[in-house]
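J.: Chains A, B and C, in that order, are what the protein sequence lines are. So that you can map any letter, position 166 of the first sequence is 240 in our numbering, and since no number is skipped, the others follow by simple counting. So that you can map any letter, position 113 of the second sequence is 141 in our numbering, and since no number is skipped, the others follow by simple counting. So that you can map any letter, position 111 of the third sequence is 129 in our numbering, and since no number is skipped, the others follow by simple counting.
Please note that the accuracy of each hint is not assured.
Straight-line alpha carbon distances no greater than 20 Å define the calculated SDA-like cross-link-like pairs of lysine to any residue that follow [stated by the list, open to error]: (1) A:Lys162 to C:Arg247; (2) A:Lys162 to A:Ile152; (3) C:Lys249 to A:Leu197; (4) C:Lys249 to A:Ile163; (5) A:Lys300 to A:Ala383.
Coverage of chain C stretches by chain B, computed from C-beta distances (three or more under 8 Å per stretch; other residues unrestricted) [to be verified]: (6) 224-232; (7) 275-285.
These are computed hints drawn from the structure, not numbers from a lab. The C-beta atom is built at its ideal place from N, Cα and C for all residues, glycine as well.
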Amino acid sequence: MTDTPVLSVRNLVVEIQTRHAVLRPVDNVSFDIARGEILGVVGESGAGKSMTGNAVIGLLDRPAQIVSGEVYLNGRRIDTLSPSDMRKIRGTGIGMVFQDPLTSLNPLLTVGEQLIETMREHLPISQSEARERAVKALEEVGIPGARERIDSYPHAFSGGMRQRVVIALALCAEPSLVIADEPTTALDVSVQAQIITLLRRLCRDRGTAVMLVTHDMGVIAETADKVAVMYAGRTAELGPVREVLTRPRHPYTEGLMGSAPLASLGQTRLRQIPGNMPRLGALPQGCAFHPRCNRAQTACRRDLGPTLAADEGRAACWFPVGATETAKDIA
Amino acid sequence: MVETTPPPAATRARMSRFTSAWQSDFAWKFRRSPVAIVSFLVLMTLVLGAVFAPLVAPYDPFDPGSLNLMNGFTPPMEPNMFSGEVFWLGTDDQGRDVFSTILFGMRISLFVGFAAVLFAMLLGVTLGLLAGYLGGWTETIIMRAADVQLTFPAILVAMLIFGIAKGITPVEYRDQMAIWVLIIAIGLSDWVQFARVVRGATLVEKNKEYVQAARLIGRSKGAIMLRHILPNVMSPVLVIATISLALAIIAEATLSFLGVGAPPTQPSLGTLIRIGQGFLFSGEWWILFFPAVTLLMLALSVNLLGDWLRDALNPRLK
Amino acid sequence: MIAFILRRVFQSVLVLLIVGLVAFAMFSFVGDPVENMLGQERTQADVDRLREQMGLDQPIVVQYWTFLGNAFQGNFGLSYRQGREVSQIIAERLPATLELAFVSGVFAMLFGIGFGVFTAIRRNGIGSNVIMTLSLVGVSLPTFLIGILLIWVFSVELDMLPSFGRGDTVDLGWWTTGFLTQSGLKALILPSITLGLYQMTLIMRLVRSEMLEVLRQDYIRFARARGLREKSVNFRHALKNTLVPVITVTGLQLGSIIAFAIITETVFQWPGVGLLFINAIQFVDIPVMAAYLMLISVMFVGINLIVDLLYFAIDPRLRVDGTKGH
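The following block holds chain A by itself, in its conformation from the complex:
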């Protein structure tokens, strides 16, 4: 591929200074997303997936901050931009969809007002043209009677409809990348599939890159092209969806998928792996997963797993599943 990837993340590190220690919710994460590609970022709560998304769009809450690494949007470096320059990118370079549609929309402004203000902030169009586009945007996300409902307040919509509005808002300023942070978690099961399909179709049609953050493997299986599995702030495994899910290389991913390779994917839920993901302040020495890993060896207890680069290798493990040789000599 000769196109520059839409999003390039290289060795991104985010740290939080607390009174007692320095925590690393994002530890040397790297990946690329190409035009029209959907990257699923999956992991348990606290694995660092949302933090990564926030870091990319520049909305990290104090005291968290990026301490090293680079983020490129369409080849341009964005993690070092000034706050006002970064603000200009948000919305029109990168769009974001949050988890809870109920609280994402300002209850005192109409849906139309929120769409129009976003568009006019980034695009040089008039009020009436913005209104026309807003109606079209609502129609595209499947809101019936868009022309009338544009003047409705958020509370007049159902949960699924509201999330459609949120998607419309995220896309209305025509961003190259959309970060969707658990977009379906707060929705009814029946509605989840619709929203995910909608998101995928809209992004494919426009060639928008998508970073889809979720803990739901089923969503990844159906929607994503690539997947990054995160554990305790690091990428455990990174690769094409089909491959990672049918032939997982990292023991953690294997645990997630069940013990045997699956013939078909369908609705997979997380299986119980014994123990819990360690809290950031209490990481074990060596590989973060080794206490729960049935393949752990001395090297695992001593050294952190290898760091995955964006395009090479697959699993951050000394002894990946199915490998005939070890990645490192046993000490």
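Using the hints, position chains B and C against chain A.
T.: Structure of chains B and C alone, referenced to chain A:
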């Protein structure tokens, strides 16, 4: 300064009660807050000064025999023109030593404040218990009355009650009765919040098993309310009481300042300030200044302490 | 929605009736109005005649009804102290209080909302900390002490502003105003700051805490994620949502400004209804006390009602339909 966390309960059990109280969570928070410590010390000094006024004050300002009009209008720390005596904070128009009047005035301020809150608490808790436990018409009447009274600011209610009581009392007794009327007026203006909280808590406790058990044994309603429910609803009451105290002291000062409170024959800090205001322009600034500063310190320390107390006891902030 | 309005109106009327009962009880049982009015030299015939004239020989319930009827028309009889019509005395002094209350209210709202927004947006700056500390002091100090302090600084020491009275006022028929003269305006400054300070600190703290809460909400994050400017986020999104609960509380406070005017008017000898009420209490002038009570009740109840309805109008979530009218 080394930060220590309080020792576990088991260790505490072995220590003396004082030591364990000193090291409890609550005391630990207190020791960490400079605001709380300073306010507490200031408040204690003032309270002790008031309580021991007869012993501490150099003069008795209300003994007509010891007053000498010639001593009047002496500035602080300057020898008096006629008798050569030095008064720390000066004297007022009647020759009274300002320092002494402040001490005795604080006595009245604090007495009225405490008594009023006590009265409000007794009345409010009783009515709250009755309303919560008995329900029906009792509850409706009490709560409606509370609602009506709440439409108006407490100070207005207190003024009104004072005015009505004054109208009922014969003229000769008005000065003497003023303090008691003041206590009743402020207390009556404040009972509502106690009643509401206690009623709410009673409604909750009413349905619990220990109450039903007592009913089955055949305990009378009064006994159940008093010995079973009451102890369990008291904790929020105490928090409200502390805040009420601050408000009561300020209410008393305000009413006395307005002339519908402690009379000049038994002046509280508010009355003293009222008297002092008359001399503001004629140069005898100390008659106003010292009582005002004292009231300021009293009000600030009680408020800051009350604020801190409320935060410290708030389970949500833990 | 109609049911809601009717219910509130009914509650308001009930409160007024109860207050009326209290006022009436004052008349009947506190002192003897006839004695108060006639003074020392009176004959039994005078007493009887006046009693009949005032309707004091009728059964209690009838008296109560007559009293309410009179009250409704604003007739409270003659003041014990001044011998004039109570309604007239009140009418004369009301403009003074209302002007004072109005100016304090404006002062409290402007500075309260202004400081509140400032300390919320710049939470940790020095300015914020200073303002918050001063506000703590402002809430703890009794109003009259603040008034005296201001008099001390600005009248005694600096001799810049007057320490009592309204200054020169202009008579506009049924209203006297201090707005049109320089001395009138000067006289308004210290009293309105005194009266408004407590309200201002309350409003400020409320606005600040509400706004901090709002700024933590998801829709604010989402607004930032869409690249909207900080100014737009703070004022268009956050402030609007902050003001909704603030208005209710502020509205209820405006009622108590009128009551607290009593204290300020006493400190500054401001010739309003508050000072009138205090003098009435000291003199046990029942008709004036009763009239003031009814007046205040009507104001409080009325303000509460208006605020409730206003809240309804502003927050679209409370309306039945979800659309904005064109």
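J.: Now tell me, hint by hint, if it's right for this structure.
T.: Structure-based check of all given hints:
{"no.": "1", "hint": "A:Lys162 to C:Arg247", "result": "9 Å, holds"}
{"no.": "2", "hint": "A:Lys162 to A:Ile152", "result": "11 Å, holds"}
{"no.": "3", "hint": "C:Lys249 to A:Leu197", "result": "18 Å, holds"}
{"no.": "4", "hint": "C:Lys249 to A:Ile163", "result": "17 Å, holds"}
{"no.": "5", "hint": "A:Lys300 to A:Ala383", "result": "14 Å, holds"}
{"no.": "6", "hint": "224-232", "result": "violated (count 0)"}
{"no.": "7", "hint": "275-285", "result": "holds (count 6)"}
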